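Visitor: Protein chains in written order, with the working numbering: chain F, 1 to 256; chain S, 1 to 240; chain Z, 1 to 240; chain A, 1 to 211.
If you're looking for bench data, these hints aren't it; they were derived computationally from the structure. It cannot be assumed that every hint is accurate.
Said to hold, decoys possible - List of simulated lysine to aspartate or glutamate pairs, DMTMM-like, C-alpha gap at most 20 Å:
1. K163/F / E70/Z
2. K169/F / D199/Z
3. K162/F / E70/Z
4. K75/Z / D93/Z
5. K121/S / D161/S
6. K163/F / D93/S
7. K178/Z / D161/Z
8. K58/S / D27/S
9. K29/A / E248/F
10. K163/F / D27/S
Given the structure is predicted, the values throughout are model-derived calculations rather than measurements.
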Amino acid sequence: MSDDFLDKDSPIHRMAPSVRVALAFVFSLVTALATTILVPLAALVLGGIFVGMARLPVMAVARRLLPLILFLFFLWVVLPFTGEGAILYVWGPLCVKASGVALAVLVSLKSLAILLILIALISTMHTFDLGYALSALGMPEKLTFLIVMSARYISVIEREYKKLRNAAKIRGFQSNTSLHAYRTFAHLAAMLLVRSHLRAGRVYNAMVLRGFDGRFDSMVGPRSEALSGCLPQTMGMVISVMALLGVEVAVRLGMI
Amino acid sequence: MADALMTLSGLTYRYPGGSEPVIRGLDLTIHEGEAMGLIAPNGSGKTTLFHLIMGLLKPQTGVITAFGQEVRGEKGFREVRRRVGLLFQDADDQLFSPTVIEDVAFGPMNLGMGRDEAREKAREVLATLGLFGYEDRITFRLSGGEKRMVSLATVLAMEPDVLLLDEPTTGLDRETGKRLISVLRDSPVARLVISHDFDFLEQVTTGIYSLVRGTVVMDDGLHLHQHAHVHRHGESVHHH
Amino acid sequence: MADALMTLSGLTYRYPGGSEPVIRGLDLTIHEGEAMGLIAPNGSGKTTLFHLIMGLLKPQTGVITAFGQEVRGEKGFREVRRRVGLLFQDADDQLFSPTVIEDVAFGPMNLGMGRDEAREKAREVLATLGLFGYEDRITFRLSGGEKRMVSLATVLAMEPDVLLLDEPTTGLDRETGKRLISVLRDSPVARLVISHDFDFLEQVTTGIYSLVRGTVVMDDGLHLHQHAHVHRHGESVHHH
Amino acid sequence: MHISEGVLSAPVLLAGAVVAAGGVGYGLKRLDAEGTVSAALVTAAFFVASLIHLNLGPASVHLVLNGLVGLVLGWAAFPAIFTGLLLQALLFQYGGLTTLGVNTVVMAAPAVGVSLLLSPWVGRKGRVGLIASFGCGFFAVFFSSLLLAAALICTGENFKVIAWAAIVGNFPVMVVEGIFTGFVISFLLRVYPELLPGLRSHEIRRDTEGV
């Protein structure tokens, strides 16, 4: 887990997390539900602009896109040969269908656009900021607590995993395709579960000792979020999301 | 003699399924302003003792008196927890909030302070521990030494009358060790420090006892004896 | 002079993001049959040093020579890990198998032994450490002292030529401490023991050095001096 | 196992969101304060464990572990998996916000399913226990790929081939998951049965020493 995207000073990073989450959600939804390539195309451009605004390292962004690109590659192997309608090209027993190709284009644009927006708006915040932002947007306190708490302890447990992995390594363990290797990893994972459960008991005790009474509101209460200073970019994003929505409505009403 | 803040008498605790009690017939009194050290190896029941004091475990027999009253039931221990601060052995167990300021303000908020007041209090305590500019630091990114000091801040923010410290030097670097010692020496709060580090106990407590077979050996049969050691002077670290 | 088993020369390591190297220009040679003690406080880079030797961390500069060959790359360190045994500071990080016998047989199995042969080997090692009847005990439920001895067994089962011990006395009860000392004194295996416990080092090593500011201070400018300590004789744990 | 953003249709996304909300709500309702802390830490452990890659011949597969999540957390698998997916979306951009509902259902429903069906059997001695433990891992992933395929097919006929490929392609993962889950359950039964249902004590172990 790299921190390439965090704690930078950029117009995006200055925006309030809850605003970013809300915008990212609406952008994703409008893009995901678009029926023509018009909206996804525009969203892709916006996504690129947002990533630029957030001053993210290009290579790191490309790395995050990689799993999606692999998926899309797989999609392109299959989708063009599916669907009804016009045949564009015949290749032995396979025919490339117009509707299949159109769908492949649409899905590719949509998923790339949404991913870029997600990287720019969401990956630029800490895990617990995401939790608090969702809380501000109406998520139940208990769920917010669950998210913030597990985010807090992932790095602690990851460190424990590395220690155990090293313990196996220094005793000559090498990963391969064998029951011995699977069993070893299973033991490491099981040990992590046991230790996390024991730690949960200690953490709960620590909370009780500091007066925790079972209500989570004091832990996930509202945070003051400064909206000033990020007004221009927020307004810009709100306007662009409205524009996207307008375009999609126009498309559906047959105006475009 | 100063007033007794807490008295444990005849405390016995056996873990469910355990064959022998970990704590057996333990008597202990902590007086106002007293700094008490307790030498104890791992597995001798030190954490159990602290958990009994805080009401996280219920003893099979024995009575705990705190601040002039016998402590009974969950409600009684809630009062104890307000006035007794426990510093855990592993700071990662104690610091569960994302940022330092939230963690330190958590206790005061639960004591009924408003959010802003609690944060003000937290800032004060951090300042007295020399932790300037730590407010918005992310707890899990702190170093081991920083975590220990912030843990101490979370406990001190509740203004305890008694401080219980469980192996406070474990994994500490030398620098933080020194800071911890100076903070403790300046603090007037009564404390019970459990450690296996004799030197540390000597510096932050006034009397050292042992936890042996579930009881505190409190007699004053202390002897002076001497050791001869070979080591380099000066640079090398000098642990005894 | 006996043959050099391992030689570290000019080793420097700085953690990513760290401002200063933890290990800087460190030179160290471990000879056959040598028992070397290294006094080091927490935070002085002792665990880093061990991780460098085992190839768990890669030094920025410097060369490690082991068993007559310069160690290069992951493959080279695989050979080192076969012949050098590292005892972790915390036994809980070292033991991950459900039962003692599985844990001790794990290393031999990785060295290519069959399951039965590895278990036979494990039983032998447990016996030499006096751990009779421990085979089917659940590792996780052992006491701290028992875990330390089982950890030692897991390391010895690989028949190492060099033994690295990282603070082996931390949190040990007196009884186990004594057993550890006697096991080590009887073992002919070359070893490097890092500890801040001077008394322990004196008993299990033949020469004591210091790890100061990232290098080993190897000169023999050792002085004898005396300390007076107050403590109870006998039962209390005696840490210096 | 997740579906990327931009693939599914509105009705499928909506249905996923509604079912997920119900599951997460019910799962949370069954957790008290102490259970929530425990679920949070166990979720973090699962998150870390799911990053383990196992070698499978020349390739490597990463673990899904939803069968195990179901067995350990029961209905709390819904909020736990929701949390895990949200953090994955944030940290690695696997999946996103609009597909969160569908992806939660795809993974959590089989998790709860196998735990309800198989948990009475995993504690049995001998072959029955072994098969049930293997089944936990195997069938959780199997049902997940069925749900994933269903989500794709409901979106459009074009995705039929991909849906089938998802089921068939996940077959090796099912086997590996089954074996891995079996080993983990066998470990927990011997070492720490508190984490498994039936044998689970109501409270978190409070003792940290002398265990």
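Visitor: Between K58/S and D27/S, is the straight-line Cα distance small enough, at 20 Å or below?
Guide: holds (16 Å)
Visitor: Holds or violated: K163/F and E70/Z, Cα atoms, limit 20 Å.
Guide: violated (26 Å)
Visitor: Take the C-alpha atoms of K162/F and E70/Z, compute the straight-line distance between them, and say whether it is at most 20 Å.
Guide: violated (27 Å)
Visitor: Do the alpha carbons of K169/F and D199/Z lie within 20 Å of each other, as the hint requires?
Guide: With Cα atoms ~32 Å apart, K169/F and D199/Z exceed 20 Å; violated.
Visitor: Has the given pair, K163/F with D93/S, been kept, meaning a C-alpha gap of at most 20 Å?
Guide: Status holds; Cα separation ~18 Å.
Visitor: Given the hint that K75/Z pairs with D93/Z, test it: the Cα-Cα distance must not exceed 20 Å.
Guide: Distance ~24 Å between K75/Z and D93/Z Cα, so the pair is violated.
Visitor: Below or equal to 20 Å on CA atoms is what counts here, so check K163/F against D27/S.
Guide: violated (40 Å)
Visitor: Below or equal to 20 Å on CA atoms is what counts here, so check K29/A against E248/F.
Guide: Outside the cut-off at roughly 39 Å; violated.
Visitor: Holds or violated: K178/Z with D161/Z, Cα cutoff 20 Å?
Guide: It is violated: about 23 Å lies between the C-alpha atoms, which goes past 20 Å.
Visitor: When you check the alpha-carbon spacing of K121/S and D161/S, does it fall within 20 Å?
Guide: holds (17 Å)
Hint compliance for this structure: hints 1, 2, 3, 4, 7, 9 and 10 are not met, and every other hint is.
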